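Visitor: Take a look at the letters that make up each chain.
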Amino acid sequence: MTRHSRRRPSGILSLGFGRPLRLALPIVATLSIIAPLAWLWQDSRVPSAYSVMNMGYPDYGVGAMTDPDGSGHGGHMQGQMGGQQMPPPRLVTDMVADPTRPADVRVDLVTRQQMLTVGGQPIRGFTVNGTSPGPEIRARQGQLLEVHLHNESVADGVTLHWHGVDVPNAMDGVAGVTQDAVPVGGEFIYRFVADQAGTYWYHSHQVSNPQVAGGLLGSLVVLPRSRIAQQVDVTAVAHTYGGVRTINGKAEDLHMLARPGQRVRVRVTNTDNGPMKIWTGGPYRLLAVDGTDVHKPTDVSDRSVTLTAGGRTDLEVMVPRDGSAVRVQLSKATAVIIGPPGADAPVPPQPTAELDLLAYGSPAPLGFDPAHPTRQFDYRIGRRPGFVKGQPGVWWSINGRLFPHVPMYVVREGEVVVVHIKNHSGEVHPMHLHGHHEVVLARNGVAATGSPWWVDSLNVLPGETYDIAFVANNPGIWMDHCHNLKHAAQGMVAHLMYEGFDTPYRIAGPSDNQPE
Amino acid sequence: MRTAYKVLAYLVAAEVAVQAMVMVWFIAGLGKWVEGGGVLDKAAMESEGTPFPEVPGVIAHGINGFFVIPGLALLLLIISFFTKVRGAIKWAVIVFVLVVVQTQLGGLGHDFPLAGALHGLNALALFGVALYAGRRLRAATAAAVEQPEARTAAPV
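So the sequence lines, in the order shown, correspond to chains A and B.
Residue 181 in our numbering sits at position 181 of the first sequence; the count goes up by one each step and never skips.
Offset between the second sequence (1-based) and our numbering: plus 1000.
Worth flagging that the hints you see were computed from the coordinates, not collected in a lab.
Among the hints, a few may not be true.
[Stated by the list, open to error] When the alpha-carbon atoms are kept at most 20 angstroms apart in a straight line, the in silico EDC-like pairs for lysine to aspartate or glutamate are as follows:
{"hint": "1", "chain 1": "A", "residue 1": "277", "chain 2": "A", "residue 2": "322"}
{"hint": "2", "chain 1": "A", "residue 1": "250", "chain 2": "B", "residue 2": "1048"}
{"hint": "3", "chain 1": "A", "residue 1": "277", "chain 2": "A", "residue 2": "252"}
{"hint": "4", "chain 1": "A", "residue 1": "332", "chain 2": "A", "residue 2": "354"}
{"hint": "5", "chain 1": "A", "residue 1": "422", "chain 2": "A", "residue 2": "464"}
{"hint": "6", "chain 1": "A", "residue 1": "486", "chain 2": "A", "residue 2": "512"}
{"hint": "7", "chain 1": "A", "residue 1": "296", "chain 2": "B", "residue 2": "1048"}
{"hint": "8", "chain 1": "A", "residue 1": "277", "chain 2": "B", "residue 2": "1046"}
{"hint": "9", "chain 1": "A", "residue 1": "277", "chain 2": "A", "residue 2": "356"}
{"hint": "10", "chain 1": "A", "residue 1": "486", "chain 2": "A", "residue 2": "502"}
{"hint": "11", "chain 1": "A", "residue 1": "250", "chain 2": "A", "residue 2": "356"}
{"hint": "12", "chain 1": "A", "residue 1": "332", "chain 2": "B", "residue 2": "1035"}
{"hint": "13", "chain 1": "A", "residue 1": "332", "chain 2": "B", "residue 2": "1041"}
{"hint": "14", "chain 1": "A", "residue 1": "332", "chain 2": "A", "residue 2": "415"}
{"hint": "15", "chain 1": "A", "residue 1": "332", "chain 2": "A", "residue 2": "369"}
{"hint": "16", "chain 1": "A", "residue 1": "277", "chain 2": "B", "residue 2": "1041"}
{"hint": "17", "chain 1": "A", "residue 1": "332", "chain 2": "A", "residue 2": "322"}
{"hint": "18", "chain 1": "A", "residue 1": "277", "chain 2": "A", "residue 2": "299"}
{"hint": "19", "chain 1": "A", "residue 1": "277", "chain 2": "A", "residue 2": "302"}
{"hint": "20", "chain 1": "A", "residue 1": "486", "chain 2": "B", "residue 2": "1015"}
{"hint": "21", "chain 1": "A", "residue 1": "250", "chain 2": "B", "residue 2": "1046"}
{"hint": "22", "chain 1": "A", "residue 1": "486", "chain 2": "A", "residue 2": "252"}
{"hint": "23", "chain 1": "A", "residue 1": "296", "chain 2": "A", "residue 2": "316"}
{"hint": "24", "chain 1": "A", "residue 1": "486", "chain 2": "A", "residue 2": "415"}
{"hint": "25", "chain 1": "A", "residue 1": "277", "chain 2": "A", "residue 2": "354"}
{"hint": "26", "chain 1": "A", "residue 1": "296", "chain 2": "A", "residue 2": "252"}
{"hint": "27", "chain 1": "A", "residue 1": "422", "chain 2": "A", "residue 2": "356"}
{"hint": "28", "chain 1": "A", "residue 1": "422", "chain 2": "B", "residue 2": "1048"}
{"hint": "29", "chain 1": "A", "residue 1": "296", "chain 2": "A", "residue 2": "378"}
{"hint": "30", "chain 1": "A", "residue 1": "486", "chain 2": "B", "residue 2": "1035"}
{"hint": "31", "chain 1": "A", "residue 1": "332", "chain 2": "B", "residue 2": "1111"}
{"hint": "32", "chain 1": "A", "residue 1": "389", "chain 2": "A", "residue 2": "415"}
{"hint": "33", "chain 1": "B", "residue 1": "1032", "chain 2": "B", "residue 2": "1015"}
{"hint": "34", "chain 1": "A", "residue 1": "277", "chain 2": "A", "residue 2": "464"}
{"hint": "35", "chain 1": "A", "residue 1": "389", "chain 2": "A", "residue 2": "512"}
{"hint": "36", "chain 1": "A", "residue 1": "250", "chain 2": "B", "residue 2": "1041"}
Nothing here was measured: the structure is a model prediction, and the numbers come from that model.
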């Protein structure tokens, strides 16, 4: 048309296809960007009601390298399982404590949605029996605990999960997996035998991110059949309400009376979303981790303990004989101060070194042989851009995939399972497997040499790898998720299921079950 | 389309400036809070509330960096296909690549703090490139106004 257009005919455009091509190319280029995004977006959406059974993909793991009975050949087990005639599924609701056995301890818990006053600040939160944390439940090892949950006013509904207790599956309190969320006016009865002595806690597993942050939680202590060796037993539930650090719901140090020379057991529960450091003024012993005793703990000085989110640790300290108090720092912000009336102790500086549980205490038999696992899984945590539930963002991935395309780890009862956790996501993750305790075999390839280090909540730092093992001895369908509950709500949730199990419950659906 | 391109490119540059501002605002607030005896660890950081008033700075940094800026860069790339200005696509691609590198460096900085230093350096590169992309479009638009059927227009 003009001299300009004639001056620059080039390539294919000069053959007369110019105009359509010039129009088509940008559109094709745009579509080549938009179409994959649109596909990823629709692929990330979840139905209005769905079963965890249909979530993600089954991961049958890798069989043992050496097969004791010689029936398998190692490698992937999918073929073996797929080829079998499946009996009708067992339901998670069948997995209960002996229904004919009367309860030894009965507790009634009433949940409410209300304003709290923490450190003088009004906080929108939740209470159990009128307080946050709720009442501490104490039982003796072997007792059958029966908890009647009544939801008075929590609009989203509630459940109670017994964090760290390997309860029968139907009692696990996961909305949409093991029960429906209890609506306002509703009730649910939890029954389980408290057969592991130790420090645990309970919290809602319905819309758990805001509900736990808002204080719908409490402590559960299972005392051993024999008396504990310490003269004073202190529980310290650490929780941050709207930015305010507290111990047992109070934004101040916790003072406990004890006589000089007395030994004190301090049970610390971290109910927050991130790890905290604990250290003391004098020497201490780490008696238990996540409800399991450390074998032959020794005195520790000038080292802090890392307590991961959801984790518990029992420390033993001694009240000084000089009339002063002993101080247990729960982060720099709060402390437990134990001693005679009016006694205090200076704030000990935060140690730079950390107690390494990989080499603490003395070895003891595990009760199973993790060197010959029946099944091995990968749980690789990453972070990448994509869509989760239709929302664009940079999300946590499990084995490279985003929620809901996450693995369903499939096991059979009695199997020895090894999980290789690898965190290349750039953030710390407190990994929590429901219904089981796992023993740490190695970290970053370095084998454990100390006491068996049993956990239900494991602090996995960026760049770390952990090899952990457990025995599949509690059939059902169990969450295996990050206990930074914000991360869980962002899709960092996988499940462990026993072959042949099913759940009648649905995520979302009429009860609006939202476990995260 | 050219106006959209220009605006998007300038928005990316402006957002980079905002990113620097909110981050330093946050760090300054953190420093003041620590001076006053405040404690910040992961548990405090992850709690629902804001321990000190400048916490929204780091939240804004995350939202901007993970959502808004990548979104703007992607839009810029798409718009660039339609501008019919030589080099517009190339510079939109460079902006997009720098944004991707920037988010990666930002994430990597959690593992390797030195990557955070590169994150700061790359921010300057992104700021400069986005500004340049916008400015050269303005130049191209001005040229097109002078010569309505300029060589980059679409006639046959």
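Visitor: Run every hint past the structure and note whether it holds.
Guide: Hint check:
1. Distance check on the hinted pair: residue 277 of chain A and residue 322 of chain A sit about 27 angstroms apart at the alpha-carbon level, beyond 20 angstroms; violated.
2. Simply put, residue 250 of chain A and residue 1048 of chain B have alpha-carbon atoms about 17 angstroms apart, close enough for the 20 angstroms limit, and the pair holds.
3. Using a Cα cut-off of 20 angstroms, the hinted pair residue 277 of chain A and residue 252 of chain A holds, with the two alpha carbons roughly 17 angstroms apart.
4. Of the supplied pair hints, the one linking residue 332 of chain A and residue 354 of chain A holds, its CA atoms being roughly 15 angstroms apart against a limit of 20 angstroms.
5. With a CA separation close to 6 angstroms, the supplied pair residue 422 of chain A and residue 464 of chain A stays within the 20 angstroms bound.
6. A threshold of 20 angstroms between alpha carbons decides the hint, and for residue 486 of chain A with residue 512 of chain A the separation of about 19 angstroms falls inside it, so the pair holds.
7. Taken as a hint, the residue 296 of chain A and residue 1048 of chain B pair is broken in the structure, with Cα atoms around 39 angstroms apart against an allowance of 20 angstroms.
8. Proximity of residue 277 of chain A to residue 1046 of chain B is assessed by CA-CA distance (about 15 angstroms); at most 20 angstroms being required, the pair is judged to hold.
9. With a C-alpha separation of about 13 angstroms, the suggested pairing of residue 277 of chain A with residue 356 of chain A holds against the 20 angstroms cut-off.
10. Using a Cα cut-off of 20 angstroms, the hinted pair residue 486 of chain A and residue 502 of chain A is violated, with the two alpha carbons roughly 27 angstroms apart.
11. About 30 angstroms separates the Cα atoms of residue 250 of chain A and residue 356 of chain A, which puts this hinted pair outside 20 angstroms; it is violated.
12. Restraint check for residue 332 of chain A and residue 1035 of chain B: the C-alpha separation of about 13 angstroms stays at or below 20 angstroms, so the hint holds.
13. For the given pair, residue 332 of chain A sits about 9 angstroms from residue 1041 of chain B by alpha-carbon distance, which is consistent with the 20 angstroms threshold.
14. Proximity of residue 332 of chain A to residue 415 of chain A is assessed by CA-CA distance (about 43 angstroms); at most 20 angstroms being required, the pair is judged violated.
15. For the hint linking residue 332 of chain A to residue 369 of chain A, the alpha-carbon distance of about 41 angstroms lies beyond 20 angstroms, and the restraint is violated.
16. Straight-line distance between C-alpha atoms of residue 277 of chain A and residue 1041 of chain B comes to about 9 angstroms, which keeps the hinted pair within the 20 angstroms bound.
17. Between residue 332 of chain A and residue 322 of chain A, the direct Cα distance comes to roughly 25 angstroms. Violation of the 20 angstroms bound is thereby established for this hinted pair.
18. Pair hint residue 277 of chain A plus residue 299 of chain A holds up; C-alpha atoms about 18 angstroms apart against a cutoff of 20 angstroms.
19. A distance of roughly 12 angstroms separates the Cα atoms of residue 277 of chain A and residue 302 of chain A; the hinted pair therefore holds under the 20 angstroms criterion.
20. For the proposed pair residue 486 of chain A and residue 1015 of chain B, the alpha carbon gap of about 26 angstroms is over 20 angstroms, so the pair is violated.
21. Distance restraint check for residue 250 of chain A and residue 1046 of chain B: the Cα-Cα separation of roughly 19 angstroms lies within the 20 angstroms cut-off, and the hinted pair is therefore satisfied.
22. With a C-alpha separation of about 26 angstroms, the suggested pairing of residue 486 of chain A with residue 252 of chain A is violated against the 20 angstroms cut-off.
23. For a cut-off of 20 angstroms, the pair hint linking residue 296 of chain A to residue 316 of chain A stands: about 13 angstroms separates their Cα positions.
24. Taking the CA atoms of residue 486 of chain A and residue 415 of chain A, the gap is about 32 angstroms. The hint is violated against a cut of 20 angstroms.
25. About 9 angstroms separates the Cα atoms of residue 277 of chain A and residue 354 of chain A, which keeps this hinted pair within 20 angstroms; it holds.
26. Our distance criterion of 20 angstroms between C-alpha atoms is broken by residue 296 of chain A and residue 252 of chain A, whose separation comes to about 33 angstroms.
27. The suggested pairing of residue 422 of chain A with residue 356 of chain A holds, with an alpha-carbon distance near 19 angstroms, which does not exceed 20 angstroms.
28. Of the supplied pair hints, the one linking residue 422 of chain A and residue 1048 of chain B is violated, its CA atoms being roughly 27 angstroms apart against a limit of 20 angstroms.
29. With a C-alpha separation of about 32 angstroms, the suggested pairing of residue 296 of chain A with residue 378 of chain A is violated against the 20 angstroms cut-off.
30. Taken as a hint, the residue 486 of chain A and residue 1035 of chain B pair is broken in the structure, with Cα atoms around 29 angstroms apart against an allowance of 20 angstroms.
31. A C-alpha spacing of about 24 angstroms is found between residue 332 of chain A and residue 1111 of chain B, which places the hinted pair above 20 angstroms, so the restraint is violated.
32. Between residue 389 of chain A and residue 415 of chain A, the direct Cα distance comes to roughly 34 angstroms. Violation of the 20 angstroms bound is thereby established for this hinted pair.
33. For a cut-off of 20 angstroms, the pair hint linking residue 1032 of chain B to residue 1015 of chain B is broken: about 25 angstroms separates their Cα positions.
34. For a cut-off of 20 angstroms, the pair hint linking residue 277 of chain A to residue 464 of chain A stands: about 18 angstroms separates their Cα positions.
35. Pair hint residue 389 of chain A plus residue 512 of chain A holds up; C-alpha atoms about 16 angstroms apart against a cutoff of 20 angstroms.
36. Restraint check for residue 250 of chain A and residue 1041 of chain B: the C-alpha separation of about 19 angstroms stays at or below 20 angstroms, so the hint holds.
Checked against the numbered hints above, the structure violates hints 1, 7, 10, 11, 14, 15, 17, 20, 22, 24, 26, 28, 29, 30, 31, 32 and 33; every other hint is satisfied.
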